[in-house]
Structures are given as structure tokens and as C-alpha cells.
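Trainee: Fit chain B with the ligand to the given chain A structure using the hints.
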Amino acid sequence: MAEITEVPSPFCGIGTDDLTIQVDGVRLKVVKNGCTVNTPAFEQAITDIRPRVDGKEVGLDVAVTKAAALLKETNQPVIGGCATDVNGMRALLALADRSGAVVDNMSFTGARNNFLALQDSGWMNTTLAEVKNRCDLLLVVGVDLEGFSPRFFERYLWNEESMFLEDTGKREVIYLGKAPSGNASTSPSGQKASVFECANEDLPDVVAVLRALVKGNPIRVDSVSGIAVADLQAIADKLLAACYSVVTWAAGALAYAQAELTVQTISEMIKDINNQNTRSSGLPLGGKEGDQTANQVCGWTTGYPARTRFSSGYPEYDPFLNDTNLLLANGEADALVWVQAFDAKAVPPVTSLPTIVLGRSGMTFAKEPDVFIPVGTPGIDHAGHAYRMDSVVAIRLKKLRESGLPSTFDVLNAIEQAL
Amino acid sequence: MLIKLTGGAVYDPASGIDGAKQDIYIQDGRIVDQPVGDFKVDKECDLTGKVVMSGAIDMHTHIGGGKGNIARILLPEDHRADPVARTDITRSGCGHAMPSTFVTGYRYAEMGYTAGFEPAVLPVNARQAHMEMADIPILDKGGYVLMGSDDYLLRMLTAKKDQKAINDYVAWTMQAAKAIGVKVVNPGGISAFKFNQRKLDLDEQNSHYGVTPRDILRVLATAVKELGITHPLHVHGCNLGVPGNVDTTLDTIQGIGGLPMHLTHIQFHSYGTEGDFKFSSGAAAIAEAVNKNKNITIDVGQILFGQTVTASGDNMRQHANHKHASPNKWVTMDIECDAGCGVVPFKYKDKNFVNALQWAIGLETFLLVDDPWRIFLTTDHPNGAPFTSYPHLIRLLMDRSFRNEVLSTIHPEAQKMTTLASIEREYSLQEIAIMTRAGAARLIGLQDRGGLGAGNWADITVYTDNADRQKMFEKPDYVFKDGELVVVDGKVIHTKWGTTHVVKPDWDASVEKDLQKYFDRFMTMKLGNFKISDDEITEDGRGSLTVHPLKGDVA
Ligand SMILES: [Zn+2]
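First to last, the protein sequences are chains A and B. Counting from 93, one number per residue, gives the positions in the first sequence under the working numbering. Counting from 3, one number per residue, gives the positions in the second sequence under the working numbering.
Isolated chain A, as found in the complex (with noise of 0.2 Å):
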């Protein structure tokens, strides 16, 4: 039995790197600073070890001769999920390249509020040390923000010290929206957030009096949905009064039409904090399960985020067409990849069209894909690496066990050599 100490996580999306993980076999167990989403996610068991062809066991050669077969006979494959590490993104990209497919990462749906509002204005953003030392005032909208990552307040925030600030427990937090489901949020001396809910889809009504309040501009309502313009006003206050806030909010979270022109708007709001005469930047959430390295890798091989298509023979973005889902309702596609190394619950879509699916040991299916190789998880079963929340620090995955799981970038490189 061994015990790996600092290891980084690729399932949190904050970059927690100093669990320590025992290790029995290939059986492990979070010793020290688990949590809720990263603790099952470390110690889920191998289940499958052999591919499957047709519900049969074969050898990896064997699945690998039949999805090249399957790719072979398609005109339009779609790529999902693409939840997989650097070097799976990378030798994904190569196979989406030559057979013409389209790339799709599995959250991009919620991710594309973000891009969209990036490709339309821009923004202003921050990372995890600069929050960790400097921010002095944290505005959470419109998601659970310790549901999304149980240990960001532990490290972020309640950290003992701080470069600039004499005591990190009066830092102040607002959330706008949604309320928290526990106490995280709550100071080490007890000082609880501020909390003014609404329906996420009031964000839209509610964000752009805060900004209009920000910007000076004259409100004559009372109330927003149900929340006083006074209450409006005092943050708005806070924040032109604050040395270094920060906005943080979760892109998927704001799962209404045309959420991205919220993300605008907070974006918006932050540059016109910035043009009077104090700091705040924004802080998107994400970083889960690959998202933010499909639309890193694919953004360096292609020039655009993770809806890419290659059927013209060049990338071709489009955040809405290429959804998987969609292609799939809509008939344009006649195979379906799946690529989910890190969950085994995530599940690809159920489609009567040829299907292949690389997912992590223990995937089940309502219908049994063509083609099915379990392969290891980065971080887990290999070294690799991956991008967390802010798309600015690459984690150094680290190889836990020898499973003998092939890597994702081991089974695409070998179904696109075959090819």
C-alpha cells in the first residue's frame, strides 16, 4: 500500500493539487482534503477492463480494427463529450481532422454563454491567487457556488494569510440569485454572505439595473424581481468602494435563452467599474471534467473553442449547429464518438447510428454501443494534463495505479492510424 501525497485534481475545476490518496492495487482511498465531488470521483473502482465489440470482449486491437472500420464507412461522424486530458484532446483532434468530423465538448452548451459574450466584447477576468490574495469583496451570481466546488471558500477565500490583506475573514460576500446551500460561505468569525434571490432567469433584469446602478444611471422602480433597487444600490456602492472585487458566476449555471447577454452585461459592468478609479475583475467557473482543455487544445489546433467542425476539410466553428444533440435530432450525423474519461456516469446520447465509445471504467448503457474501450483516467491511471476554471494554469496530472487502461490519446491515435 502506498500513499501519494499533493495530488491535483481534474474534477473540481479549482485546482485543488494537495489530496493524498492511498493506494491498494489498484483500489484508492482520499486520505486527506477530499470532498463531495472529488472524493467518489478518485475512488471509483474498475469495473471493465477489456473492450467490447458489439457486447462481446475483445482485444484493444480488435476494438480498435472495428472503430476504424465503423469511421471509415461514415460521412459525417460527431466527437461528444471530448472529456479527456491534453493528449487525448490533441490525438482527438488529429481523428476529427481526418475522417471530417465534428468536435463537440459535452458542456459546451452552458460554456457557449461565455464565448459568446468573449467574441462579442471581452472581458475582464482574473485567476485563483489573484482572488485568494487581493479580492476583497466576492459577488457570486446566480450559482451555488460551494455546490459547484466544495473547497473554493476553504482555499480561496478563508485562507489564513493573504499578501494584502490584513485579515481575509472580513472580506465580504454577496450572492445575487441563487443562494448558497451551506455555510461555506460563512466567515471563520461567522460573518454570513449577504444573499438577495431570484430566479436565475431574472438574472437578465436584475444584473442590468446593478450595472445601470453602477454606471450612475437613474432606476424608477422600487424593485426587480423581487429585489430592492436600494439593495441594488448598495452593492453597486460596495463594489466602486472595494480595493479588488470580483464577480464570479457558472456559465452552464445560467440555463435560460440568451444567458450569454447576462455574462455580457456582469462583463460590461466590471470595465465600467475598472473606468472609475478602482480594481474588480470577473472570475467564470468551470474547468470540470476537461471542459476548459477541449476549448484550449481545440482553440491552439484550430483557432476556435470546442464546437468545431472538419467536414469541409478545415475548422469551421459554429457554437450552435455543431451540438451533438442537435445533429443527432436533426439526422446530419451518421456516427457518434463518445470520449469520457473522467465520468463514468456521463453517458453519450442514445441513437440508433453506429456508436463508439471510449468512457471511463464502469460506463453503463441503456443500449449497448457498437464499439465500447474503457480507458484509463487522467490523473488516475496516467500522467497528463489539465486546464483548470481560469484557463491559465495547466495541472500537472500524476499516474496513481497501473491499471493497464489504455489512454485516450493511446486508442484515438491507434483508430486514426488505422484508418
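One or more of the hints may lead you astray.
To be verified - Sample of chain B residues at the chain A side, in silico, Cβ under 10 Å:
#: 1; residue: Tyr27
#: 2; residue: Gly70
#: 3; residue: Asp80
#: 4; residue: Thr89
#: 5; residue: Ser94
#: 6; residue: Met133
#: 7; residue: Ala136
#: 8; residue: Thr334
#: 9; residue: Pro414
#: 10; residue: Lys418
Don't read these hints as lab results, they were simulated from the structure. Keep in mind the model is a prediction, meaning the values are calculated, not measured. Beta carbons are placed, not taken as given, at the ideal position from N, Cα and C, and that holds for glycine.
Mentor: Relative to chain A, chain B with the ligand alone:
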């Protein structure tokens, strides 16, 4: 296999050969002397009438790292205008302002370049820089690690740590980030912006640390020298783009007290405040200072007209520049108590007075600096223009009548504010070879690159002599990388992977004691997870590391 390149006119400043007809032999990837006795040539290329140079080296080009990828993702409309289809041997991608990694490699190679150096590798983002560069085919690459606004260094300066301690930290950072040089961007200014300072002059204090840019430049330039790093401290100075910054730049040159220093994209730092528009050329004063101070090297950061995107570590100046964003969208980031970045799309217009004069200032600088070994041909890709505009720039430098023709079309007030029309100098082929080959290799400290003498790696570019220098440099006949033919008639015919150039200066192991504490208290990752290991570069089987000697090492 023995390859013979026969009868070309060789321009090899590294060996002092200036256009002489000479045969070149290649074996096992390297250039060799003509074998003695009987020997068999396996492959011969007749280069009669051709011009032969070593592969070009871009010593300052933003080809790897986070801000470049932000620039890519920010500009889908720019990519859509320049799609690049896959072929049997090349990958698809996109081109224009900030090309995809694969296309970056192909297009550089197709212009005769065989190496490019990313000048702004943030320590905390160095993995990304190397991963992107690992996906650039054909080219060799390397990076200068960005320091000077990192809180660790600023804390050391406030605590008055001695130079030895700073040297250890610089050496440690270079190894952790796998770098070949050290760069500083708006010294201390990136940090100052986080404290809401919006400008920082050379002698202005960071409001939190009480440290000035001049202090930072001095300790870092000293560290680079004392550690024996060949590449001088690479400096993006204060006040980028600000009218009147020529004085800051002259002061920076004087203030470094004779230490080796490279001033990058100096065009953006050569502005006076004369004339009706309070914007004028400081190129003559800068060139005079460079000519006089032999410790100084520069690259120009020439702007060329058209759409591009600026991507810089200088979040302070980029935030101020966002007013000129075209299209109007932009990004700034504060990054990890380490650095920052700003990405602002720009469209340089020849009918815009300021842009037109910027263009002239860059060219004046090229033409007024005497020593081609101390000036380098860059557009600060993509900041002044995409690297694909180099052949056009070379023609502007080599062809006075062409230059004056273009000059006559720019904003008329800008024409009045430049001495360009009166400058007769035309660069020679040998001078171009110095700026883009031998000089660059010497400046970076690359062993066995940038020359055509025996022992060098066979990175070789062959052009057809053509009075239209743009046409000539756009489309080499042949490009060899490590002895393998990769380009014919300006098209990639074969791809391979280049190496990553680094240095490994020593540091005292005790430096990690303080760093460990600092990481545990203030950073978001463990010290051990921060450092990039060699196998991260080499484990995929295509990357490799080439370690170059330090000054004072026995080669
Ligand atoms: Zn630059």
C-alpha cells in the same frame, strides 16, 4: 546519407562569407566539411544562381501561451477569412493574424524560418506555452520567462534580499519554466495595475512595494549577466505607446549602466510629442543611443497596415489601449500574482496619422541603426503585424524606391513628420542574413544554429535571387530542417518536429526553502506541481530539449 548543395551563392555571416559560390555538404542532419578522399554523394541539388542562407530565426514572436490563445478564440471572424485545409501531410487550421499552431509552423517554414522564440512565457502559464509550441511542426522553439511583476520578486526587493538570492530565484524560475532567456514587461507595472495604478514611469514607485521599474531592471539585468545567460535581459519597457516615451527609453538605456540589455519592439517606445498632433518620431535619438551603447540590442516591432491583434503581458498599457480596439472587443487578465495579459485587436491604417507615423518610425529605426548584429527584424508578431508580412518588410528595407513609393501613399501629415524619404540606405542580403540568422543565434546563445559552417545543424534556406525581394523571400526554393528537406517551392512537402532550446543555470538548493513557504502560504498550487519536468516536454516522443551552455562554460 550525404547531400551536396552545389554552386549556390552563400550568405553566411557567422563564417564571414558574403555571397561567395560554395558547396555545402549535409550528413546526419548536420553540415559537414567536404569529405576527404573518395566519397559518394547520395543526393545533389544544383543551386547555381540561387542564394543560400541558414534557416531564419525569429527571436521575438508570440507563438505559444495563454494570451495568444485568448487572441485566437477572440477572433473567429479573422480565421474565417483564412481557412487552411488539411492535406495528406499537413493538418488543417487557420491563418491570418494569430494562426493555429500547425499553420504557424507550416507558414514560418514556407518563408524559410526554422526557429521561433516566444518572448513572454509566464512561469505559471509556461506549461501551456510549451504545449502549444509542441504542436508547432518543423520549427525549433524556446521561450523567455517573464519576471518583474511577480510578487515573489517584488517581496524580495522590498525585503532588500541580496543579488545572490535574486540570482538563485531567477535561475530556479528559468529551470521551472524551461526557458532560454528572461524577459521583463512594463517592469513592476503589471503588478502596479493590480493596485489600481494606471501608469508607471521609470522612477515611479509601485504603491505597495515602493519598488521602481529602474530597480527591477537593474537587479534582473545583473542576475542574467551573473548567471552567465547569453541572452541579455529582454525588456519591454515602461510607457508602451505613450507619446513622449522616447525619453523613458533613452533613460532606460542610460540607467542600465552598461549591463547587456535587449529592448524589444522599440518602435512602440520611440514616440515624441512634437507637431500639431503632439506625436512625433523619436527614432533618430533612439538609433543614436543604440549606436553609441554597445551593450544594447533591439528589435523593432515594425507595424504594417491591416488588421491584426495585439497580445501582451502589459495589462496596464493594454487596458489603456482598449479605446483603440478594432473590432471593439478586448480582454485583460490579472494572473496568479505572477503577471497579467491584455489582448486588443488593432487595425493599423495608412490614412491614420498615428499609425502612418508608427510605420515610418519603425523603418527609420531599422535604417538609422548602424550595426545589423544589434538590431533584429520583428513585427512583434502579431502585435505590429502577422509574421507572414516579413517578406514585405524585407523589401521595404532593401528597396528604397519601393519604400518611397509606399511612403507617398500614407497620411500626408505623417509624411511631413518623418525623415524616411531622405534616408538612402538599402539593406544588403548579408545584412538581412545577420539580422534574421547569425545575429539572432548569437543573441539567444544558440549553439550550432544560425550558420552554415561545418558542425552546424543543417537548417538551410535556398532562394532564387530576385530584384523583387518580397517575391524572393516569400517563396524559398528549398528549406532543410536538421538536414531533411521540408519545403520545396514555398510549400511544405514533409514535416518533422523541432527541438526546444533551453539553458539550465545553477541555483542554490536553499532557494526552495523560502519558495516552499511562499507557495504554501499564498499560491494555489504546490511547489512540486509548479515546476515543469523534462519529461513533460519529451514524453510524447516528438519533443526534445537542447541545453545550451552558459557563458563561462567550456563548450
Ligand atoms: Zn512581444
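Trainee: So, for every hint listed, does it hold in this structure?
Mentor: Taking the hints in turn, this is what the structure says about them:
no., hint, in the structure
1, Tyr27, "violated (36 Å)"
2, Gly70, "holds (8 Å)"
3, Asp80, "holds (8 Å)"
4, Thr89, "holds (9 Å)"
5, Ser94, "holds (4 Å)"
6, Met133, "holds (6 Å)"
7, Ala136, "holds (9 Å)"
8, Thr334, "holds (5 Å)"
9, Pro414, "violated (34 Å)"
10, Lys418, "violated (35 Å)"
Checked against the numbered hints listed earlier, the structure breaks hints 1, 9 and 10; every other hint is satisfied.
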